[in-house]
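Asks: Sequence:
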Amino acid sequence: MLPTRSAPRQAAWNAKPPHLAFEAFEGLAPEAESAAVPVAAQALAEQSVFDEITQGLLQQPATISPKFFYDQLGSELFESITRLPEYYPTRTEHAVMQQHAAEIAAAVGQGRTLIELGAGNCEKARALCRTLAPACFVGVDISADFLQGAVARMREEFPHMDVRAVGADMTRGVTLPANLPRTGRLVFYPGSSIGNFDPPHALMLLEQMRELVDGEGEPGADGGLLIGIDLPKEVEVLEAAYDDAAGVTAAFNLNVLTHVNRLIGSNFDPAQWRHLAFFNTLHSRIEMHLQAMSPLQVRWPGGGVRDFAAGECIHTENSYKYTLPAFTDLLARAGFSRARAWTDPRDWFAVVHAQP
Numbered sequence: 001m002l003p004t005r006s007a008p009r010q011a012a013w014n015a016k017p018p019h020l021a022f023e024a025f026e027g028l029a030p031e032a033e034s035a036a037v038p039v040a041a042q043a044l045a046e047q048s049v050f051d052e053i054t055q056g057l058l059q060q061p062a063t064i065s066p067k068f069f070y071d072q073l074g075s076e077l078f079e080s081i082t083r084l085p086e087y088y089p090t091r092t093e094h095a096v097m098q099q100h101a102a103e104i105a106a107a108v109g110q111g112r113t114l115i116e117l118g119a120g121n122c123e124k125a126r127a128l129c130r131t132l133a134p135a136c137f138v139g140v141d142i143s144a145d146f147l148q149g150a151v152a153r154m155r156e157e158f159p160h161m162d163v164r165a166v167g168a169d170m171t172r173g174v175t176l177p178a179n180l181p182r183t184g185r186l187v188f189y190p191g192s193s194i195g196n197f198d199p200p201h202a203l204m205l206l207e208q209m210r211e212l213v214d215g216e217g218e219p220g221a222d223g224g225l226l227i228g229i230d231l232p233k234e235v236e237v238l239e240a241a242y243d244d245a246a247g248v249t250a251a252f253n254l255n256v257l258t259h260v261n262r263l264i265g266s267n268f269d270p271a272q273w274r275h276l277a278f279f280n281t282l283h284s285r286i287e288m289h290l291q292a293m294s295p296l297q298v299r300w301p302g303g304g305v306r307d308f309a310a311g312e313c314i315h316t317e318n319s320y321k322y323t324l325p326a327f328t329d330l331l332a333r334a335g336f337s338r339a340r341a342w343t344d345p346r347d348w349f350a351v352v353h354a355q356p
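Here the sequence shown stands for residues 1 to 356, where the numbers follow full-length UniProt numbering.
Just so you know, these hints were derived from the structure itself, not from any lab.
Keep in mind it's a predicted model, so treat the numbers as computed, not measured.
A hint or two may mislead.
Claimed, not checked - If you anchor each label on the Cβ, the simulated ranges turn out as follows: (1) Gly247 <-> Glu103: 30 to 40 Å; (2) Pro85 <-> Gly217: 37 to 47 Å; (3) Leu203 <-> Arg346: 36 to 46 Å; (4) Ala101 <-> Ala310: 48 to 58 Å; (5) Glu216 <-> Gly109: 42 to 52 Å; (6) Gly149 <-> Gln60: 34 to 44 Å.
Claimed, not checked - Here are the simulated lysine-lysine pairs, DSS-like style, with alpha carbons at most 30 Å apart: (7) Lys67 <-> Lys321; (8) Lys233 <-> Lys67; (9) Lys233 <-> Lys321.
The beta carbon of each residue, even a glycine, is placed where N, CA and C say it ideally should be.
Construct the entire structure; sequences and hints are all you get.
Replies: The structure is reproduced here in structure tokens:
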């Protein structure tokens, strides 16, 4: 059981239920943006998701992966979070990239293939495209519906750029379009999303990024990684960013239960849970949990059942805060031998360019 904070905030967010987004969908060519997922691929994705979620719910303590935050509504809620006064990462990262735009462009180079992981609304890539003028953009995201709309807007703004979309759970690997150039790739992973993974899994993900950067073994690939890192800072600042006064983050966290209900047929009642967020000093991470407000039982098809005591939690997210030396070491272990970082004046956030 986890310590409770005083007066945890309940969400009060009214929105229509989002559509189901499967774990993977096919790469979308420009002329086939709204292509449907093949039925066989959908069935495999559904079973894989069912197994992953139910196994997490049966753990002690129970867990739900943060990737399941991002159905259509979850993606929209997160977009709202990025505009909150308490949520400093988005605006601080943007300021770093604006202030150091010329240096970043010189380090990265123009005319590359820009691959954004966790693309979401593609807003950060859109700003980067104006500076770097990439020849090709590939948006990768787990939320199919949200990504398709964002990619359509990218095509409108950059009609002469080759724009692609790949729907994938990148924790299971990303298969890029076969005809994508293998040289001159820039993998873009903004927003400090790497912090959602514990260090061993972050290392594995960085190794996968290095393979993308390397053009899957292409000699002379000349690729790079541009990644956002949230740095350690005052606990009060960190906790406010993940527990805002308006309750938007609480709504975002609670929405995962509604999404899980659709994905596995469970009977979670979000009104029986409350949002918790606190900084774990030992592990240098923010933790988000959902805490049961009374004893309850959750069921799902196939006879699955989990009893929760009052105060028992489901762990939904970590957000690790790395120092620059610690993250540079992680990059080196993943095969990135060269790294350069830019930060804001308060050293709250860093944008790092790394190369093998």
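Asks: Which of the stated hints cannot be reconciled with the structure, identified by number in ascending sequence?
Replies: The structure breaks hints 3, 5; every other hint is satisfied.
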